[in-house]
Amino acid sequence: MKSLPRWLRSLAAFGFFLMITLAAAAVGAAASQASPQMYAIMAKPSWAPPAWLFGPVWSILYLMMTVAAWRVWRSGAKNHGALWLYGIHLIFQALWSWLFFGIGRADFAMLDIVVLWLMIAVLIRQFGRCDRSARMLLIPYALWVSFAALLNGALWWLNGGTLPR
Numbered sequence: 003m004k005s006l007p008r009w010l011r012s013l014a015a016f017g018f019f020l021m022i023t024l025a026a027a028a029v030g031a032a033a034s035q036a037s038p039q040m041y042a043i044m045a046k047p048s049w050a051p052p053a054w055l056f057g058p059v060w061s062i063l064y065l066m067m068t069v070a071a072w073r074v075w076r077s078g079a080k081n082h083g084a085l086w087l088y089g090i091h092l093i094f095q096a097l098w099s100w101l102f103f104g105i106g107r108a109d110f111a112m113l114d115i116v117v118l119w120l121m122i123a124v125l126i127r128q129f130g131r132c133d134r135s136a137r138m139l140l141i142p143y144a145l146w147v148s149f150a151a152l153l154n155g156a157l158w159w160l161n162g163g164t165l166p167r
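Converting from the sequence shown to my numbering requires adding 2 to each position, the first position being numbered 1.
A couple of the hints might just be wrong.
[To be verified] Computed Cβ-Cβ distance ranges for the label pairs, DEER-style: (1) ALA14 with LEU160: 45 to 55 Å; (2) PRO47 with SER135: 30 to 40 Å; (3) ARG131 with ALA28: 48 to 58 Å; (4) GLY57 with MET21: 12 to 22 Å; (5) LEU10 with TRP119: 32 to 42 Å; (6) PHE18 with ALA53: 39 to 49 Å; (7) MET21 with ASN161: 31 to 41 Å; (8) LEU152 with LEU87: 20 to 30 Å; (9) ALA31 with ARG8: 28 to 38 Å.
Honestly, the hints are just simulated from the structure, not real lab data. These figures come from a predicted structure and were not determined experimentally. Beta carbons are placed, not taken as given, at the ideal position from N, Cα and C, and that holds for glycine.
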């Protein structure tokens, strides 16, 4: 790949990060097909967003995550650990939907989202060492996952630990 022009290597890297990020999104989406119906019948806190909001928010966040990972790659800094962590964290991102919607285990999903949040915090730190903009691109993601963790906990609590199926 070194023999390719720099712009083409950069484009290929962006495509790679987009591909793995969208793959994680697709795995999560596969578990979430019944989520609008399931979410509609759950007891929810007054501050719960409408179901239609999740898709657009996640789409924007996935694009921002992709750009952040690409910027870290492009920085050429000692980024291997940060980029491996990015890939591993995508597993936990995709797993949450399967735990919450796929098997209806809000308790396991809560554990997953706590681990995910911690991984995002480390990613922000690691990405920031390579590229300040990459770090900033992950801040909205961290805030949304923080909100999602609160919502996960509230839904678990309000539904008596059992999610409707």
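Evaluation of the provided hints:
The hinted range of 45 to 55 Å is satisfied by ALA14 and LEU160, whose Cβ atoms lie roughly 46 Å apart. Between PRO47 and SER135, the C-beta spacing of about 34 Å keeps the proposed range 30 to 40 Å intact. Checking the proposed 48 to 58 Å range against ARG131 and ALA28 shows it is violated: the Cβ atoms sit about 30 Å from each other. A C-beta distance of roughly 20 Å is found between GLY57 and MET21, which places it inside the suggested range of 12 to 22 Å.
At about 36 Å, the CB distance of LEU10 to TRP119 agrees with the hint of 32 to 42 Å. Taken as a hint, the range 39 to 49 Å is violated for the pair PHE18 and ALA53, whose Cβ atoms sit roughly 32 Å apart. Between MET21 and ASN161 the beta carbons are some 36 Å apart, a value that agrees with the proposed interval 31 to 41 Å. Checking the proposed 20 to 30 Å range against LEU152 and LEU87 shows it holds: the Cβ atoms sit about 24 Å from each other.
For ALA31 and ARG8, the hinted distance range of 28 to 38 Å is satisfied, since their beta carbons lie about 34 Å from each other.
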